[in-house]
Amino acid sequence: MTDQLAQDVSANGDVADATNHDILERNPELEGLGNYAFGWSDKNAASDNARRGLSEEVVRDISAKKNEPQWMLDMRLKGLKYFDRKPMPTWGADLSGIDFDNIKYFVRSTEKQATTWEELPDDIRNTYEKLGIPEAERNRLVGGVTAQYESEVVYHQIREDLEEKGVIFTDTDTGLREYPEIFQEYFATMIPVGDNKFASLNTAVWSGGSFVYVPPGVHVDIPLQAYFRINTENMGQFERTLIIADEGSYVHYIEGCTAPIYTSDSLHSAVVEIVVKKNARVRYTTIQNWSNNVYNLVTKRAIAHEGATMEWVDGNIGSKVTMKYPAVYLVGEHAKGETLSVAFAGEGQHQDTGSKMVHIAPNTQSSIISKSVARGGGRAAYRGLVQIREGATHSANTVRCDALLVDNISRSDTYPYVDVREDDVSMGHEATVSKVSEEQLFYLQSRGMPEDEAMAMIVRGFIEPIAKELPMEYALELNRLIELQMEGAVG
Amino acid sequence: MSTLEIKDLHVSIETEQGVKPILKGVSLTINTGETHAIMGPNGSGKSTLAATIAGHPRYTVDSGSITLDGENVLEMTVDQRARAGLFLAMQYPVEIPGVTMTNFLRTAKTAIDGEAPKLRTWTKDVKAAMAQLRIEPEFAERNVNEGFSGGEKKRHEILQLELLKPKFAILDETDSGLDVDALKVVSEGVNRSIEDGGLGTLLITHYTRILRYIKPQFVHVFVDGSIAEQGGPELADRLEDEGYDRYQVAESATA
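Here the protein sequences line up with chains A and B, keeping their order. Counting in my numbering, the first sequence runs from 1109 upward without gaps. Counting in my numbering, the second sequence runs from 853 upward without gaps.
Rather than coming from a laboratory, the hints here were simulated on the basis of the structure. Here the structure is a predicted model, which means the values were calculated and not measured. Watch out, some of these pointers could steer you wrong.
Stated by the list, open to error - Under the rule of at most 20 Å between Cα atoms (straight-line distance), these lysine to any residue pairs were calculated in the SDA-like manner: (1) 1576(A) <-> 992(B); (2) 1543(A) <-> 946(B); (3) 1174(A) <-> 1160(A); (4) 1576(A) <-> 952(B); (5) 1543(A) <-> 944(B); (6) 1305(A) <-> 1195(A); (7) 1543(A) <-> 945(B); (8) 1186(A) <-> 1294(A); (9) 1444(A) <-> 1502(A); (10) 1543(A) <-> 998(B); (11) 1305(A) <-> 1209(A); (12) 1186(A) <-> 1196(A); (13) 1576(A) <-> 995(B); (14) 1576(A) <-> 990(B); (15) 976(B) <-> 986(B); (16) 1543(A) <-> 1573(A); (17) 979(B) <-> 1040(B); (18) 1576(A) <-> 959(B); (19) 1543(A) <-> 909(B); (20) 1036(B) <-> 1089(B); (21) 1017(B) <-> 1558(A); (22) 1305(A) <-> 1199(A); (23) 1576(A) <-> 955(B); (24) 1576(A) <-> 954(B).
What the hints assert, rightly or not - Here are a few chain A residues that face chain B, going by a calculated C-beta distance under 7 Å: (25) 1547; (26) 1550; (27) 1553; (28) 1554; (29) 1558; (30) 1569; (31) 1570; (32) 1572.
Said to hold, decoys possible - Anything over 10 Å on all C-beta distances counts as not near chain A; from chain B, calculated: (33) 862; (34) 868; (35) 879; (36) 971; (37) 975; (38) 994; (39) 1044; (40) 1058.
Even glycine gets a Cβ: it sits at the ideal position worked out from N, Cα and C.
Put together the whole structure using the sequences plus the hints.
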């Protein structure tokens, strides 16, 4: 492993000074990977032999390998048609670097899904150990885990008592096989096949992801966790997640993602659909930490029925480009939607993130809180849409977006769109852009903290209103990621 | 014993009108255990001296030296100076949103000492120091200086002084904006550091009021960027009666 790592590191010419962080102390082999601590890769024969490029044959092949019903193959082919027909979006980040012909659309790493970590091949298991996933499970910090490696979920486990209550938490391929009725009722209903170019692509080649069903009245007391890992260079990961929270239920789903550092790009294009039924509540938390060669183009949408609450907590730290605007369609009276978004754009990164709230029923409420940090020439943009449709009387929305610039070469943009078709509504919008001030740095440094530590403290303080919404271990993780990102941020 | 030595210090700042010299040859030697008061009218360069010792980037040292036990302070970064034992109690402490006092104090202590303080004794020390400075316990969970009144900010500066235990403290107009009660509490804090820790103190003030509570052995009168007169505590008493007029008169007479 260490030799392999050394090769990768020298191949990338990315040898940086050793850092003293906990993660590096625990994993000394990570030293030299610079600020990104998750950039190792495993040897994988399956990925070496995987085919590049996209065609009808590739789509048919994926569907055949999964023994899917005809309706799913038909939908995939429809997705491919839409994908071919739709132009590349040009209104956001620069996507011209994506080479669709060079991407591997399907990589199967293990023949059989494991239910114990020991069953996994050594290198894959080691990868998850280093990421701390089995540890979180052993410490019972999570109610269930799915771990996706390349195209498929290689490990899956759910706490017994949750299973007994009828909670379904499995990978999406298994969901399609074992729960066809629920699956077909909801799949691609919130995000139709032709919704946008990348949702179409996902529909054509989707593989893996999580399938969650929470029965009426069931409260899942600790989070369900999914972990997504890209290992191969030029990999395309297209997981598809479907969450159905039945009436009066509650679930918190958390996903994390990492990938190796490569010199050429990978593509992650997921679709997440969520149904929050009457009086149910779903919280969906993402800590996205892809390496800086991943295009992260994700469509996430939830439908909130009467009295339901949908909360997106969206942390984007990694990736080369992220375009992601989690949406809530408030279709039932008194439904609530909330997005807490935090984005960090470092050198060479463009985070174009935000949220979309669509008020369809009367007396619906939504709020968007966005915090972005840009440094080292990175770009962070807030892009949001709030729509109050005809009939959504007495609805209320507030948007607050704060941007922090760490230096003079980085950039922050705000694109707030508002479309209101009713008079009797309440709208609030606040936006600030601030710079880390010389006085703040001086103050902290004069108390003994080196400049990068002082800077990291200011940045952590800035995103604290969102970090405090995360479970403790994720807040710590987010803080640690920020610290790693801030290393070398100054002189 | 440690010694902070300032020799023939010339300092300027960039302004829109060009480079403006502020300190025009200041020499001063402070040993640990000593208290020096620097007094003078507004604009005489007192705060510039404080900020320059701490290493504020806005000030340019044109010539002269500052050494701490022979080590060149001017070559140190701001944080290195703090770790070497220099502490500046600021006149206008800034707010750090989202960072609690507890987190800030522990991080600062860890940075200064080079290792994290033992949690149990540290928590006890913080509580005791806060109580002595009459800082409400709930302030520990408030963000650094955010929404603090002027007096609260000053008490927090002295709280840091007591917890970080530097060799030398520069108190930049710590008395300004304090009512009598707060002034007493703050002065007691400084006196504890002097008596228990042998602190060397550079007390910068416009008014003589604080000198009733903190007794300097040396008084230096600053006028127009240099020391116009030096003496013992009796000099402060005279300033209380006469003010700074005589220096300004003398200045205009020589001009």
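Between residue 1543(A) and residue 945(B), does the CA-CA distance stay at or below 20 Å? holds, 18 Å
With the threshold set at 20 Å, check whether the alpha-carbon distance from residue 1543(A) to residue 909(B) stays at or below it. holds, 17 Å
Return the status of the interface hint for residue 1547(A): holds when the least beta-carbon distance to chain B is below 7 Å, violated otherwise. Nearest chain B Cβ about 5 Å off; hint holds.
Given residue 1572(A) as an interface hint, is the shortest Cβ-Cβ distance to chain B below 7 Å? holds, 3 Å
Between residue 1174(A) and residue 1160(A), is the straight-line Cα distance small enough, at 20 Å or below? holds, 19 Å
Claimed clearance of chain A by residue 879(B), with the beta carbon kept past 10 Å: Holds, because the least Cβ-Cβ distance between residue 879(B) and chain A comes to about 24 Å, which exceeds 10 Å.
Would you check the hint for residue 1444(A) and residue 1502(A), treating anything up to 20 Å between C-alpha atoms as holding? Judged against 20 Å, a Cα distance of about 13 Å means the pair holds.
Residue 1553(A) as an interface hint toward chain B, with CB separation required under 7 Å: Interface hint status for residue 1553(A): holds (4 Å vs cutoff 7 Å).
Does residue 868(B) clear chain A by more than 10 Å, comparing its Cβ with all Cβ atoms of that chain? holds, 17 Å
20 Å Cα cutoff - pair residue 1543(A), residue 946(B): Distance ~14 Å between residue 1543(A) and residue 946(B) Cα, so the pair holds.
Below or equal to 20 Å on CA atoms is what counts here, so check residue 1576(A) against residue 952(B). The given pair, whose Cα atoms are some 12 Å apart, holds under the 20 Å limit.
Proposed proximity, residue 992(B) with residue 1576(A) (alpha carbon, max 20 Å): At roughly 17 Å apart (the allowed maximum being 20 Å), residue 992(B) and residue 1576(A) satisfy the hint.
Of the numbered hints given earlier, the model fails none.
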